[in-house]
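Participant: Each chain is listed here by its residues.
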Amino acid sequence: MKLSIIIVNFNGVNVTKNCISSLYRFLDVQESEVIVVDNNSSDASRTELPALFPQIVFHQLHENKGFGAANNAGAKIASGEILFFLNNDTLLTSEITEKLTRILMSVESYGIVAPRLMNGNGSFQLSFGKHPTIANEMNSRKRSNDLAAQQLEAPLDNHPVQKEWVTGAAFLIRKMLFQQIGGFNEEYFMYFEDADICKRVRNVGYSVWYVPEASLIHLGGMSYTKGNQQIEYEYRRSQLLFYSEHNTFFEQCLVRIFLWMKYVPQLFLQSRRSMALKILSLTISRS
Amino acid sequence: MKQFVSIIIVNFNGKHFLNDCISSVMPQCADRAEIIVVDNGSKDGSADYLKQTFPSVRLIESMENLGFAGGNNLGVNHANGNYIVLLNNDTKVNNGWLDGLVKAISDDRIVCASSLIKTEGIPDRYYEKNGSINFLGHNIMRVFDEPTDIFFAGGASLIFKKEIIGLPFDADYFVYAEDVYLSLRSRFMGYQIRHTNESTLEHFGSGTSKTQKTKYLSFYQERNRILNTFLFFSPSTIIKVLPLLCINAVVKCCASLIGMKYSIRGIVRAYGWFFVHRDLIKQKRATLLLERKVDEKEVIRYMSGKLTNGESIIGKVINTISLAYCALVGLKVIELKR
Numbered sequence: 124m125k126l127s128i129i130i131v132n133f134n135g136v137n138v139t140k141n142c143i144s145s146l147y148r149f150l151d152v153q154e155s156e157v158i159v160v161d162n163n164s165s166d167a168s169r170t171e172l173p174a175l176f177p178q179i180v181f182h183q184l185h186e187n188k189g190f191g192a193a194n195n196a197g198a199k200i201a202s203g204e205i206l207f208f209l210n211n212d213t214l215l216t217s218e219i220t221e222k223l224t225r226i227l228m229s230v231e232s233y234g235i236v237a238p239r240l241m242n243g244n245g246s247f248q249l250s251f252g253k254h255p256t257i258a259n260e261m262n263s264r265k266r267s268n269d270l271a272a273q274q275l276e277a278p279l280d281n282h283p284v285q286k287e288w289v290t291g292a293a294f295l296i297r298k299m300l301f302q303q304i305g306g307f308n309e310e311y312f313m314y315f316e317d318a319d320i321c322k323r324v325r326n327v328g329y330s331v332w333y334v335p336e337a338s339l340i341h342l343g344g345m346s347y348t349k350g351n352q353q354i355e356y357e358y359r360r361s362q363l364l365f366y367s368e369h370n371t372f373f374e375q376c377l378v379r380i381f382l383w384m385k386y387v388p389q390l391f392l393q394s395r396r397s398m399a400l401k402i403l404s405l406t407i408s409r410s
Numbered sequence: 010m011k012q013f014v015s016i017i018i019v020n021f022n023g024k025h026f027l028n029d030c031i032s033s034v035m036p037q038c039a040d041r042a043e044i045i046v047v048d049n050g051s052k053d054g055s056a057d058y059l060k061q062t063f064p065s066v067r068l069i070e071s072m073e074n075l076g077f078a079g080g081n082n083l084g085v086n087h088a089n090g091n092y093i094v095l096l097n098n099d100t101k102v103n104n105g106w107l108d109g110l111v112k113a114i115s116d117d118r119i120v121c122a123s124s125l126i127k128t129e130g131i132p133d134r135y136y137e138k139n140g141s142i143n144f145l146g147h148n149i150m151r152v153f154d155e156p157t158d159i160f161f162a163g164g165a166s167l168i169f170k171k172e173i174i175g176l177p178f179d180a181d182y183f184v185y186a187e188d189v190y191l192s193l194r195s196r197f198m199g200y201q202i203r204h205t206n207e208s209t210l211e212h213f214g215s216g217t218s219k220t221q222k223t224k225y226l227s228f229y230q231e232r233n234r235i236l237n238t239f240l241f242f243s244p245s246t247i248i249k250v251l252p253l254l255c256i257n258a259v260v261k262c263c264a265s266l267i268g269m270k271y272s273i274r275g276i277v278r279a280y281g282w283f284f285v286h287r288d289l290i291k292q293k294r295a296t297l298l299l300e301r302k303v304d305e306k307e308v309i310r311y312m313s314g315k316l317t318n319g320e321s322i323i324g325k326v327i328n329t330i331s332l333a334y335c336a337l338v339g340l341k342v343i344e345l346k347r
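Line by line, the protein sequences are chains A and B. All residue numbers for the first sequence refer to the numbering used here, where the first residue is 124 and numbers rise by one. All residue numbers for the second sequence refer to the numbering used here, where the first residue is 10 and numbers rise by one.
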């Protein structure tokens, strides 16, 4: 067996069902296995999914420790030499696994390959970028509300392009390499774990590639959850962690200045005070 | 071999249409077709109604309104069939509707076909001959002599081959003229479009758009009609068409100022959009160029050079001048072939 597809499910039984059935329409079952890691869902996932798809490897976790931890658990029981991490809110619309595997194995130094992602309505989804620094993050933030500007980033031909970072929604990695770097860093709960793993892959001499020729649908990528303070806190926590691990001291100072500028004024807003306080205390406690 | 068909119905606040539409389609499906309803975030309880009344229909709920273009694309992404049928929700299909459509694209050169759509209030004689479009994206009626010839397959009821077309629309169109986009794409890929009178349905007409503001509708209608011309034709053709476009812009602005069906803000915004999004248009043109197989002459020879459908003396004068202009600059439209 060559390919292990790892899908993390958390309370998304219907979405995951669609994802798995779209997978099996194109998968070469002799050469691959599908591992579904259930992150302690409270919906019908744990009974329905194994019943509906007896051919999958269903792995039940009893505590939700986040996206990275669940993926690591899936990787541990995977028997393929290539791991394909796939979000559960994706749909395959053509045969891409064979193509992506072939490209990943074609050159010794290719560490990660990722397909082109598209929104449910068929438009291009920006799913790669430069290594996050203050300047790069500001740049992409400027574009985050301008869908037209994002579309301009879409590659026009089908040649694989080398990137510094691709999204964790769908990518393939060599299992040897994944084990060598120790898998996902489980300290990140839901953000920056993809940028982190790409950076660590590049640190050990492998490269990250985006393959426009192979595309799949990523449904969740359309809406950026605004206003949820818990998510905003997790985002900032991951950001600080990422900067302290991968960026220069200067960048670490910059991100703190930026966060102070953003969150000190929010201390005067009743509704956002407690979150702002938590984030500001993070900027001091994390070195 | 019988092809599996996915029938996609996009619904936006159209609960009262769904029963007529789906119960007329369902008996024709049997085991060779599935019905997929994409609910574009309706607020009238359409989704719950569907789950209760038609549990065998595949319901895909979108949190936001993706428009007609994006909604259909989402449905196609979920579809299992090789043949895709797009159907408006404010319709009622007649016996043989699905068979007629499937039969119409059995030929390898044809990727897309449309049904005979009877809309309330349109006199019968308009159905005798199929229409085409002009360079401004207006429908010009009664153009083709052959009953199977048509320029574009109307989005209210059409069939296409998924393995060739892929996703039918550009989601940026949102609503209006996306069906013309699909047919232009197919024609530039070297395929033909067909019309079939064996597949018929009733259309209640603008069921969804009646509820929307004219400001938005004018914008999308005007922008998309012209965007089609800007995306598919060569720079030299666009320059030739430019005088017609300018006349069109002036006429539309005047019409909206005296309060005729257009909204001035929508029209101005539509023209402004082209200036702001020059790069995006370039990008889209480059993408479409990759799949192009035939010269634009092959497409232009099916287009109309008329400007209006009017049959009054003024309409005839305008059309004669416009056709003379086309002949002068070398746009070989269908009227000039005769």
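Wrong hints could be hidden among the right ones.
Below, simulated SDA-like cross-link-like pairs (lysine to any residue); rule was C-alpha separation at most 20 angstroms, straight line [stated by the list, open to error]:
no.: 1; chain 1: B; residue 1: K293; chain 2: A; residue 2: A272
no.: 2; chain 1: B; residue 1: K341; chain 2: B; residue 2: L145
no.: 3; chain 1: B; residue 1: K291; chain 2: A; residue 2: S397
no.: 4; chain 1: B; residue 1: K293; chain 2: A; residue 2: K140
no.: 5; chain 1: A; residue 1: K322; chain 2: A; residue 2: E336
no.: 6; chain 1: B; residue 1: K171; chain 2: A; residue 2: R148
no.: 7; chain 1: A; residue 1: K265; chain 2: B; residue 2: V285
no.: 8; chain 1: A; residue 1: K140; chain 2: B; residue 2: M72
no.: 9; chain 1: B; residue 1: K171; chain 2: A; residue 2: E336
One side of the interface only, derived from the structure: several residues of chain A facing chain B at Cβ under 8 angstroms [said to hold, decoys possible]:
no.: 10; residue: N141
no.: 11; residue: T216
no.: 12; residue: G243
no.: 13; residue: G245
no.: 14; residue: A271
no.: 15; residue: A277
no.: 16; residue: L279
no.: 17; residue: I340
no.: 18; residue: L403
no.: 19; residue: S404
Bear in mind the hints are in silico, worked out from the structure with no lab data behind them. Glycine included, C-beta positions come from ideal geometry on N, C-alpha and C.
Participant: For the restraint on G243 of chain A, tell me whether the closest CB of chain B is nearer than 8 angstroms.
Facilitator: holds, 4 angstroms
Participant: Just to be careful: measuring from the Cβ of N141 of chain A to every Cβ in chain B, is the smallest value less than 8 angstroms?
Facilitator: With Cβ-Cβ at 7 angstroms, under 8 angstroms, it holds.
Participant: For the pair supplied as a hint, K293 of chain B and K140 of chain A, confirm whether the alpha-carbon distance does not exceed 20 angstroms.
Facilitator: The hint is violated at about 34 angstroms.
Participant: Taking only the CA atoms, is the gap from K171 of chain B to R148 of chain A under or equal to 20 angstroms?
Facilitator: Holds: K171 of chain B and R148 of chain A sit about 15 angstroms apart, inside 20 angstroms.
Participant: Regarding the hint that G245 of chain A lies at the interface with chain B, is the smallest CB-CB distance below 8 angstroms?
Facilitator: Since chain B brings a Cβ to about 4 angstroms from G245 of chain A, closer than 8 angstroms, the hint holds.
Participant: A closest beta-carbon separation below 8 angstroms is what the hint needs, so does S404 of chain A meet it against chain B?
Facilitator: S404 of chain A check fails; min Cβ-Cβ to chain B is 34 angstroms, beyond 8 angstroms.
Participant: Using 8 angstroms as the Cβ threshold, decide whether L279 of chain A counts as touching chain B.
Facilitator: holds, 5 angstroms
Participant: Less than 8 angstroms between beta-carbons is the criterion; does A271 of chain A satisfy it with respect to chain B?
Facilitator: Nearest chain B Cβ about 5 angstroms off; hint holds.
Participant: Within a Cα-Cα threshold of 20 angstroms, do K293 of chain B and A272 of chain A meet the stated pairing?
Facilitator: Holds. K293 of chain B to A272 of chain A sits at ~12 angstroms (cutoff 20 angstroms).
Participant: Sort out whether S397 of chain A lies within 20 angstroms of K291 of chain B, counting only the CA atoms.
Facilitator: Outside the cut-off at roughly 47 angstroms; violated.
Participant: Please verify that hint: T216 of chain A, Cβ, nearest Cβ of chain B, below 8 angstroms or not.
Facilitator: Holds: closest Cβ of chain B sits about 6 angstroms from T216 of chain A, inside 8 angstroms.
Participant: Within 20 angstroms, alpha carbon to alpha carbon, are K171 of chain B and E336 of chain A?
Facilitator: holds, 17 angstroms
Checked against the numbered hints above, the structure violates hints 3, 4, 5, 18, 19; every other hint is satisfied.
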